[in-house]
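Line order of the protein sequences matches chains A and B. The first sequence begins at 1 in our numbering and counts up one residue at a time. The second sequence begins at 1 in our numbering and counts up one residue at a time.
Please note: incorrect hints may appear among the correct ones.
What the hints assert, rightly or not - Computed list of lysine-lysine pairs in DSS-like fashion (alpha-carbon distance at most 27 Å, straight line):
hint, chain 1, residue 1, chain 2, residue 2
1, B, K3, A, K57
2, A, K9, A, K44
3, A, K44, A, K14
4, A, K14, A, K57
5, A, K57, A, K9
6, A, K44, B, K69
7, A, K44, B, K3
8, A, K44, A, K57
9, B, K69, B, K3
Source of the hints: derived by calculation from the structure; they are not laboratory data. Computed from a predicted model, the values in this text were never measured in an experiment.
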Amino acid sequence: NAGVTQTPKFRILKIGQSMTLQCAQDMNHNYMYWYRQDPGMGLKLIYYSVGAGITDKGEVPNGYNVSRSTTEDFPLRLELAAPSQTSVYFCASSHGQGGTQYFGPGTRLLVL
Amino acid sequence: DAKTTQPNSMESNEEEPVHLPCNHSTISGTDYIHWYRQLPSQGPEYVIHGLTSNVNNRMASLAIAEDRKSSTLILHRATLRDAAVYYCILRDVTAGGTSYGKLTFGQGTILTVHP
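Isolated chain B (complex conformation) (with noise of 0.2 Å):
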């Protein structure tokens, strides 16, 4: 499975934007890059998937890099209660591959949102 890198941890301050980077050099052409983010205590949440076009919700944006070695999930105003662990996740979803579309979590980025 391609893997990512992201850093362990960021803090950001309450309702400024916050750019959570993430690197997967060794992306293949049918992986889906998915963000999912774990709010304490709870289990994981999906936040925002791209395969090459920057993406927009009501969560977040998500910018890939044109290489697609690379993505940003962007919050444009963090609160308190988008601290969290976000999830970098490259997922194949290819109809009778054999990933199942499984989730492959790695450590995350551990958020920290001051007041």
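Pulled out of the complex, with its shape left as it was, chain A reads as follows (with noise of 0.2 Å):
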């Protein structure tokens, strides 16, 4: 198993460009989330979703937006990029509400 694998590593934005960073997990896991996590800092919960179709946002969701098609991948968009978006971003995913959380290498964005 991959477990959880995220791409891009890094990436450079230009303020406004958009992109999607992807998240795709081969556990079957129903349960997938995304977090940020600024420098020096703790994690910071964006988005969940508890399954195909069904998602909900975390603290921080302002400026992204993410959906879930199917149960493996569950990608987030930025729009509009803005510096304050700069930060490493990282995918998660778990079995159900309870289980332990699998999260990925992260990718690491920078708005210029």
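Each of the two chains sits in its own frame; use the hints to bring them together as a complex.
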């Protein structure tokens, strides 16, 4: 099993550009999460999904959108990149809301 | 959400035991105590969790106070690979609850291990 994979590993965006951060898991987990981590800080939840077709906002959803068309994939969309979105983004998945969360390696995003 | 308090940093020598404390005085009866760690430039990884009783696994031990207001993560023999940020997290996984199993990360404890 590859676990949770994320692409790209690193990206530089100009202000106002858009991009999609990809996340996939091969563990058949129903719950998936997107977090962001600013330097020296803990992770903050952006969006989560409890299954295909079901998504909801976390603590810091502004400026982001998600979709969940399959169990495996949970992409995160940035529509109008802003410098405040410079961060490291982590995707995670778990089997049920009580299951251990498995994290991907992260995507480092720099918005200039 | 109930909050946790951890020291900002701790140091240890290789092959010595490490005790990482966590205070959670406002813990509720349905909160599990979880520990995750984040190695440099990696995503967090699960270490251990418990509810009331002490727990052991291949990575660590978790000692939970009788009143559940504090807990301690114990690494029995620290190695250089254990240098990481350790997060103590309270997680409410009540069925039908509004927490959706989220993990609320604080700033954690930076563990430095000296050779």
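Do the hints match the structure? See the list:
no.: 1; hint: B:K3 x A:K57; in the structure: holds (21 Å)
no.: 2; hint: A:K9 x A:K44; in the structure: holds (19 Å)
no.: 3; hint: A:K44 x A:K14; in the structure: holds (23 Å)
no.: 4; hint: A:K14 x A:K57; in the structure: holds (25 Å)
no.: 5; hint: A:K57 x A:K9; in the structure: holds (24 Å)
no.: 6; hint: A:K44 x B:K69; in the structure: holds (24 Å)
no.: 7; hint: A:K44 x B:K3; in the structure: holds (14 Å)
no.: 8; hint: A:K44 x A:K57; in the structure: holds (12 Å)
no.: 9; hint: B:K69 x B:K3; in the structure: holds (11 Å)
When the structure is compared with the earlier hints, no violation turns up for any of them.
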